[in-house]
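All chains should be modelled from the sequences, with the hints used to inform the complete structure.
Here are the chains, one letter per residue:
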Amino acid sequence: MLKEWKNNGVMFYDVAVVGGGPAGMAAAVSARENGAGSVVMLERDQRTGGVLNQCIHDGFGVFEFGESLTGPEYALRWKRIFDSSGAVCMCNAAVINMEKVSGSPAADGDVAAGAGRAGGSGDFRVAGGSGGSGDSDDSGIAADSFSFRLTVSSVEHGLCYILCRAVIMAAGCRERSAGQLKIPGARPAGVMTAGAAQYMMNVKNLKPGLSAVILGTGDVGLIMARRMTLEGIRVKMIVGTEPSGLMRNYIQCVKDLRIPLRFGCTVSKISGRKRITGVTVSSVNEKGEPVGPGRYIHCDTLIIAAGMIPERELWEDLHTPGVFFCGNVYKSYDTADAVSASGRNAGKAAADWLAGGSGVMDELAVDALNESRRLTAEEAGIISGYMEDFSGRRSLFCIRCPKGCLIKVTDRGAAGAAGNASGLQISGNKCPNGSDYALQEIFSPRRVVTSTVLVADGSLLPVKTSGPVPRDRMADVIEACRRVRLDAGKIAVGQVIIADVCGTGADLISTGEVG
Amino acid sequence: MNNQYDVAVIGGGIVGSMTARTLSQYRLRILVIDRAYDVGECATKANSGVLYPGFHHREGSLKGLSCVGGNRMYDTICRELGVPMRRVGSLYAAFGPEGEKLLKKKYERGLANGTPELQILSGDEARRLEPGLSGDVVRALYTPFTGIISPFKLAVNTALSAAQNGVEFLFDTAVTGIRPADEKRRQQKGEPDLQDMEGPVELLTTGGSVFTRFVVNAAGDGAAGIEAMVKPQELVVKPRRGQFFIFDKQKAEAPVLSHVLYQAQEKDEGGTLIAPTIDGNIIAGPTSEDVRTYDNTDTTEEGLAHVERVAKKILPGIDMGSVITSFAGVRANITNVEKEQKDFVVRRSSGFMVSLLGIKNPGMTAAPYLAQKVTEELVKLGMPLEPNPDYDPVLREQKPFLQESPERQAALYREDPRYARVICRCEKITEGDILHVLRSPLPPRSLNGFKKRLRTGMGRCQGGFCTARIVEIFCRETGCRPEEFMKSRDRSPVVKGRIRDAEGMEE
Chain A
1 MLKEWKNNGV MFYDVAVVGG GPAGMAAAVS ARENGAGSVV MLERDQRTGG VLNQCIHDGF
61 GVFEFGESLT GPEYALRWKR IFDSSGAVCM CNAAVINMEK VSGSPAADGD VAAGAGRAGG
121 SGDFRVAGGS GGSGDSDDSG IAADSFSFRL TVSSVEHGLC YILCRAVIMA AGCRERSAGQ
181 LKIPGARPAG VMTAGAAQYM MNVKNLKPGL SAVILGTGDV GLIMARRMTL EGIRVKMIVG
241 TEPSGLMRNY IQCVKDLRIP LRFGCTVSKI SGRKRITGVT VSSVNEKGEP VGPGRYIHCD
301 TLIIAAGMIP ERELWEDLHT PGVFFCGNVY KSYDTADAVS ASGRNAGKAA ADWLAGGSGV
361 MDELAVDALN ESRRLTAEEA GIISGYMEDF SGRRSLFCIR CPKGCLIKVT DRGAAGAAGN
421 ASGLQISGNK CPNGSDYALQ EIFSPRRVVT STVLVADGSL LPVKTSGPVP RDRMADVIEA
481 CRRVRLDAGK IAVGQVIIAD VCGTGADLIS TGEVG
Chain B
1001 MNNQYDVAVI GGGIVGSMTA RTLSQYRLRI LVIDRAYDVG ECATKANSGV LYPGFHHREG
1061 SLKGLSCVGG NRMYDTICRE LGVPMRRVGS LYAAFGPEGE KLLKKKYERG LANGTPELQI
1121 LSGDEARRLE PGLSGDVVRA LYTPFTGIIS PFKLAVNTAL SAAQNGVEFL FDTAVTGIRP
1181 ADEKRRQQKG EPDLQDMEGP VELLTTGGSV FTRFVVNAAG DGAAGIEAMV KPQELVVKPR
1241 RGQFFIFDKQ KAEAPVLSHV LYQAQEKDEG GTLIAPTIDG NIIAGPTSED VRTYDNTDTT
1301 EEGLAHVERV AKKILPGIDM GSVITSFAGV RANITNVEKE QKDFVVRRSS GFMVSLLGIK
1361 NPGMTAAPYL AQKVTEELVK LGMPLEPNPD YDPVLREQKP FLQESPERQA ALYREDPRYA
1421 RVICRCEKIT EGDILHVLRS PLPPRSLNGF KKRLRTGMGR CQGGFCTARI VEIFCRETGC
1481 RPEEFMKSRD RSPVVKGRIR DAEGMEE
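Line by line, the protein sequences give chains A and B.
Residues 1 to 515 in my numbering are what the first sequence lists, from first letter to last.
Residues 1001 to 1507 in my numbering are what the second sequence lists, from first letter to last.
Hints are supplied without guarantee of correctness; some may be wrong.
[What the hints assert, rightly or not] Covered, in the sense of this in silico footprint (three residues per stretch, anywhere, with C-beta under 8 Å from a C-beta of chain A), are these stretches of chain B:
no. : stretch
1   : 1140-1147
2   : 1312-1325
3   : 1345-1357
4   : 1461-1469
5   : 1485-1493
[Unchecked claim] The calculated label-pair distances, taken between Cβ atoms and stated as ranges, are:
no. : chain 1 : residue 1 : chain 2 : residue 2 : range
6   : B       : 1312      : A       : 355       : 45 to 55 Å
7   : A       : 318       : B       : 1397      : 56 to 66 Å
8   : B       : 1399      : A       : 316       : 20 to 30 Å
9   : B       : 1236      : A       : 289       : 36 to 46 Å
10  : A       : 476       : B       : 1174      : 32 to 42 Å
Derived from the structure by calculation, the hints contain no laboratory data.
For each residue, glycine too, the CB sits at the ideal point set by N, CA and C.
The structure is reproduced here in structure tokens:
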């Protein structure tokens, strides 16, 4: 059997990690750190980072790195860690099939047997390769100690195989499609999922439409509402049956930009024979079914933000010995930080299993990092009806990190009496960022602006302001981004693109890499 | 392309394409004209993908004969065209005495029309064949003859085969009028009587004039309108819509459904069926309702609820949570003929034109037989039948990279490493596959065109992953701007331009 596979380009590793996003990178690094042996990470796209590459907004890394980073910055931080871990990365490599090798420890479900499971001293042996003259690399590799065979379509190697002893699934998730929602009506151009629209706008430099309705009140929908609005696409309404996004996203994406938001509703019909011309928004009953005639809203784009589905089609059994799941392929995580923690767990568990241990993953540590403030139904009532009350001088939600502390602000009267110059007493924040945010928000609201600029080769570079700028200058900063065209050449993360952009005192800096 | 032809086929659906391919066996200059961007854009792409067994239709009707005759021809055609087809067989189920009466009638019709290997089974025998079948089914009419096929692959490959044999195609072009080609006849007093006239004629189109000796009117929903240009209409043809659900792919080791399941129309089942598809999904539908216009391919709450009800009735275990999409198609329905008498109409419309009218179900099944019938009618009008020595029925077609043999994969990869870059990960299509179809004689010109040829966008993620990548590749290869790439046809752009434009920027 070994001979037959060698002729088709076979590579041997102790651990194969499927997916090079935050989960995969953390898993690969952790597997190496915990002595798993040789590790290969397979990424379908031409670079690592996964969905983070299109998440140009900030809020990532508050727990992992103690900073609020954009998605691309977070991905590049992890890439640096990965690059020095000794794990191998194959990009442009899609895993199209995975099978258990019969007669192997994993196939027999023999979790207890330690002998013969670990690959050796930790230096990886790569044998075979396309062309099949690799017989001499046999050097004692026992074919039956490899439990899994992955079929990989690689731009670099062609169709090839990876034989490994353990697999870490970190393939992420996909979005629920419009078709799955069974919305009656036409199927015109202009209906797409929020993530697909995000990829179009932030990576492929494509404008999804000119005016949009967003179905779904989850985070991706809210983030896209802001992104589209900042880029001149008119978001007419966000509708959904119930609230489900992070509080900080409601504040930054909906309230800041005054985008109409309606709960207890759904899209009950799509109109338009060629390109979408509008949707009908209807109220829903307790079962989520549309009731009543509804209201027609003209738009040329419908964005669907209706939830995530783990991508487990490659391997569905969560309990196969030797196969570990982490990140969104396992379950839905709110933050990339929690995904990285989950990846770390899986890498450690895989190393443990290869050394003869039980390979059980500890999710409690991950759950702690997953702490984030989601909008509740009561708060939704306040936000949708009485938004102004919320950032009045009574209480507000901090947006500096996903925890979303509810901060109470009381006027103490005489300056100095409460210990700060403003005369306000601030409570409810779990860290100093919160009181800093509260003061700023009340007297001069500021926001970090994230966007993209065009590089001469047609690609997009994600950028952000080096610090928050006055909220009423956001549009000017975005306009400045539109006017930039960078020459091709090397650009590093953090490089200044425009110093003191629009005279705000903050620089416009790169959050990605070019060259 | 010159504009002088022997035969102009109006309509590039399955009937028009199949007819063009059949005619390409002879030395004829053939042009297919379609007003859409691609072949098979109307009823051809919106049906159940079933090759009907032939017992539904009145004994001796053209529907019945062409259904059985056409169905039989598909073994050869599919082999020649490289189109997968499986005879999965069908069960026509009765739930009570009314149904059993109808079943008996279908049995007799099947025998008369030539449906092979018909058997009447008890409910239990039927359930042994199809374990998921409802326990309430008392009797079922079985035949192994019923087949499943991809209507898209069939339409595209039929057209490619025709193109390989010299047929030309003109898309995005509508026929607006017909007049004599001869100047003299045109200048005669009064309206020329096109009905008795012989060709050549001049077809006036939105893309200029086309001169042709003969015309095949296979225009589907436009057929009545085209025929009306040459002869008064006695048939009233109106749009009829059918709605469908598509379910996710079945697990190979535990399929939910193996046969095509029909139901006797005891209540309001209509012709709604549920069937496996050749690609491993399940399809349920269609409904049958009148609509005002042919472009009304909307789905409705009531229609989808009907499909769900009928599907659950015969296959109670069907999981509605595994629906991945729904769609509707519109067919041309003759309304002024009583249901039992209604039949396909293939007739001489004038001295130069043969028309096909009211081609709905079992149109796709009947297409090869109808193509031959049209050829016979053209011969009666004087079309010469000189064999084309270069005719090759076999379409040499490349499979998608990830479905090819290891040897072919190695060769393709050496030719272009982009064959290994996965673009549609749900259906396993690579950049090399996309570039390959762009080089074919009938390249895709819209997102739907890729969908038909490669199944991109038909998988679990329904285009979420691949769409932007396909837009980028298409624009790169053809030089078109992103907002010029359509989803289906004119004025259906997938995107509305760029976020950042290259022109007029500061450094």
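Run the structure past the numbered hints and jot down the numbers of the failing ones, going up. Hints 1, 3, 7, 10 are the ones this structure does not satisfy, whereas the remaining hints hold.
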